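Novice: Kindly produce the complete structure, drawing on both the sequences and the hints.
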Amino acid sequence: MAQIEKLLAQLKNNQKDVNFTDLVKVCSYYFGEPRQQGTSHCVYKTPWAGNPRVNIQDKNGKAKVYQVRE
1 MAQIEKLLAQ LKNNQKDVNF TDLVKVCSYY FGEPRQQGTS HCVYKTPWAG NPRVNIQDKN
61 GKAKVYQVRE
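Residue numbers (this note's numbering): 1 to 70.
Don't read these hints as lab results, they were simulated from the structure.
Mixed in with the good hints, there may be bad ones.
Stated by the list, open to error - Pairwise CB distance ranges, derived in the manner of DEER restraints:
| id | residue 1 | residue 2 | range |
| --- | --- | --- | --- |
| 1 | Glu70 | Gln37 | 15 to 23 Å |
| 2 | Glu33 | Leu8 | 16 to 24 Å |
| 3 | Gly32 | Glu5 | 25 to 33 Å |
| 4 | Thr46 | Gln3 | 19 to 27 Å |
| 5 | Ala49 | Asn14 | 17 to 25 Å |
| 6 | Lys6 | Gly50 | 29 to 37 Å |
| 7 | Leu11 | Arg53 | 16 to 24 Å |
| 8 | Asp17 | Ser40 | 12 to 20 Å |
Since the model is a prediction, treat every value here as computed from it, not as a measurement.
Even glycine gets a Cβ: it sits at the ideal position worked out from N, Cα and C.
Specialist: Laid out in structure tokens, this is it:
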């Protein structure tokens, strides 16, 4: 739990330099295992009404900035 909180603080402070693997750890903690996991994408189901998805993308080992903000 402390590691996830530390990662969240890093994500909030610097959204432009986020490792994709760190974002996967945070999403997996909150949403469970990805529904779909390819070579460059991970898609997570969420518990909210309407069944929205969280889609994150790997771009050269980093997460895309707009996806970190979401």
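Novice: If a hint holds in the structure, say so; if it does not, say that too.
Specialist: Hint check results:
no. : hint                        : result
1   : Glu70 <-> Gln37: 15 to 23 Å : holds, 18 Å
2   : Glu33 <-> Leu8: 16 to 24 Å  : holds, 19 Å
3   : Gly32 <-> Glu5: 25 to 33 Å  : violated, 18 Å
4   : Thr46 <-> Gln3: 19 to 27 Å  : holds, 22 Å
5   : Ala49 <-> Asn14: 17 to 25 Å : violated, 32 Å
6   : Lys6 <-> Gly50: 29 to 37 Å  : holds, 31 Å
7   : Leu11 <-> Arg53: 16 to 24 Å : holds, 19 Å
8   : Asp17 <-> Ser40: 12 to 20 Å : holds, 18 Å
Hints 3 and 5 from the list above are not met by this structure, while the remaining hints are.
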